[in-house]
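2 protein chains.
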Amino acid sequence: MEFAKTVEAARRQAGAWKTEGCTIGLVPTMGYLHDGHASLIRRAAADNDKVVVSVFVNPMQFGVSEDLAEYPRDIERDGDVCRQNGVHLLFSPDAGELYPDGFCSFVDMSGLTDALCGRSRPALFRGVCTVVAKLFHIIQPHTAYFGQKDAQQLAIIRRMTADLNLPVNIVGCPVVREPDGLALSSRNKHLNPAERKAALCLSAGLAEGRRLLENGETDVRRIKAAVRAPMEAEPLARVDYAELVDADGMRPAAAAHRPLLCAAAVFIGATRLIDNFILDAE
Amino acid sequence: MEFAKTVEAARRQAGAWKTEGCTIGLVPTMGYLHDGHASLIRRAAADNDKVVVSVFVNPMQFGVSEDLAEYPRDIERDGDVCRQNGVHLLFSPDAGELYPDGFCSFVDMSGLTDALCGRSRPALFRGVCTVVAKLFHIIQPHTAYFGQKDAQQLAIIRRMTADLNLPVNIVGCPVVREPDGLALSSRNKHLNPAERKAALCLSAGLAEGRRLLENGETDVRRIKAAVRAPMEAEPLARVDYAELVDADGMRPAAAAHRPLLCAAAVFIGATRLIDNFILDAE
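As given, the protein sequences belong to chains P and D, one line each in that order. In case it helps, the working numbering puts the first sequence at residues 1 to 282. In case it helps, the working numbering puts the second sequence at residues 1 to 282.
Keep in mind that the hints were calculated from the coordinates and are not lab data. A couple of the hints might just be wrong.
As the list claims (entries may be wrong) - Just so you have them, the derived chain D footprint on chain P, three or more residues with Cβ under 8 Å: (1) 95 to 106; (2) 109 to 120; (3) 131 to 138; (4) 160 to 168.
Stated by the list, open to error - Residues from chain D shown here face chain P by an in silico Cβ test under 10 Å; the list is partial: (5) 113; (6) 130; (7) 133; (8) 136; (9) 137; (10) 160; (11) 161.
Beta carbons: idealized from backbone N, C-alpha and C, even for Gly.
Turn these sequences into a full structure, and let the hints guide you.
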């Protein structure tokens with residue numbers, strides 16, 4: 001496995017592979033890799049000759065009051081996860097390498113970014129779009145892999161890629177969960193034992209919403225209330241949102257809409273967690 | 001010479017050339033090509049194996065009250081200019097091809113876009129950055145060529161390209177002028193004979209500003225007043241701005257600053273014209 005800390009080194013290595021005719025799969029991450037990331041990496045390794053993983057805790061996507069400083073980091077362990085799962089290049093630039101003095105450009109969009117996580121975290125998607133565009137320009141992958149757990153992010157990256165004619169295929173991969181249902185997230189590390197138990201209210205609420213929908217419930221308010229109920233009943237939890245939206249446009253949707261995204265975010269203590277499910281067209 | 005009206009066709013042709021190992025030079029234009037454009041094309045032809053010219057009157061960079069509908073168009077003549085100057089591919093998509101239904105992404109920046117033309121035309125540089133990024137993604141040129149007449153646009157495209165790690169070299173080419181000093185512009189077509197004569201107040205003002213600077217004048221207000229004087233004396237003219245800024249950051253600059261951009265914009269009747277000069281470091 002190769003390592004690159006600079007744009008120049010990453011570009012040179014990826015460019016050399018492209019010149020050799022290799023296909024490249026890119027898995028952009030903020031590090032502290034878990035089995036969700038590993039599933040993306042293995043998918044990229046199955047699809048491509050070379051796999052590049054980027055590890056970069058992107059300051060541009062954190063608001064001033066958010067958890068940039070506390071975001072978990074462990075580049076040694078990330079290196080092990082990458083090596084064990086068939087990564088060929090680990091690109092881990094520091095913030096000054098991607099945002100040098102005088103940096104002032106950004107990629108953003110209107111509409112899709114206003115709902116759900118974008119409403120709660122106004123800086124988030126401008127930061128995501130900008131850093132993903134940069135990574136696409138540096139690595140020039142054939143395909144890039146993103147987790148469905150960040151459903152709005154995935155929809156936004158698909159939209160950006162199409163709108164800006166970026167020559168990259170976007171692949172979304174299923175949410176990976178703990179045996180008890182909690183979606184894997186680097187932020188789960190912050191949960192103490194009581195919070196870890198309380199966090200199940202999120203997947204439990206979503207499971208209840210899915211059950212209602214699959215049983216033919218059509219009243220959006222009733223479905224949202226069912227999603228919220230376990231979270232509102234949990235003393236350590238504070239609901240950020242629970243919404244039903246169309247999975248492409250992120251606009252409020254009827255229960256019969258397909259593909260339908262049901263997404264929720266909750267604070268467990270100081271830790272914000274998200275989860276969702278999508279009902280696809282039959 | 002090849003023609004492409006769709007993203008897919010342009011991408012396929014440029015991609016085939018890249019696979020053959022050809023270097024590609026891109027000249028993005030809004031059409032109604034004049035000798036200024038021709039100078040960019042000839043430079044691109046001298047530097048590259050293949051030259052791509054895009055002709056696209058970009059609706060995203062026009063404000064609602066601006067001259068999108070009146071912007072001059074003549075794709076037949078543009079084809080002749082391209083053929084005569086060694087172009088290999090003329091890419092002329094329509095608006096729906098570059099901005100299909102649901103399009104909502106954009107590229108923009110803070111700071112550089114607030115001064116000069118960006119202050120007068122708030123939609124301008126978001127539109128320019130977005131369409132240039134799209135063209136870079138579609139054609140994937142090695143080098144792209146822009147006129148120094150649009151000095152702020154050139155600085156912004158350099159900045160965007162660096163900030164977003166776009167793998168494209170940016171080359172700026174000198175302003176091309178009529179024998180009497182008027183900078184070539186597609187918008188000059190709108191000038192009636194009296195306005196055409198009046199328009200010389202712009203290059204005359206800038207020439208006077210340059211004379212003062214080269215003679216050691218250091219008072220910015222006095223220099224700006226000298227640039228404005230011929231425009232203010234012209235009954236058909238209305239000054240939009242006359243400014244001295246640093247040529248990289250577009251911030252108000254002392255007369256001794258190098259590289260110094262002296263830029264002005266003026267309405268001649270309903271037609272807005274721009275011009276500038278740069279004093280480089282010795």
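To see whether the hints hold, each was checked on the structure:
{"no.": "1", "hint": "95 to 106", "in the structure": "holds (count 5)"}
{"no.": "2", "hint": "109 to 120", "in the structure": "holds (count 4)"}
{"no.": "3", "hint": "131 to 138", "in the structure": "holds (count 4)"}
{"no.": "4", "hint": "160 to 168", "in the structure": "holds (count 6)"}
{"no.": "5", "hint": "113", "in the structure": "holds (9 Å)"}
{"no.": "6", "hint": "130", "in the structure": "holds (8 Å)"}
{"no.": "7", "hint": "133", "in the structure": "holds (6 Å)"}
{"no.": "8", "hint": "136", "in the structure": "holds (9 Å)"}
{"no.": "9", "hint": "137", "in the structure": "holds (4 Å)"}
{"no.": "10", "hint": "160", "in the structure": "holds (5 Å)"}
{"no.": "11", "hint": "161", "in the structure": "holds (9 Å)"}
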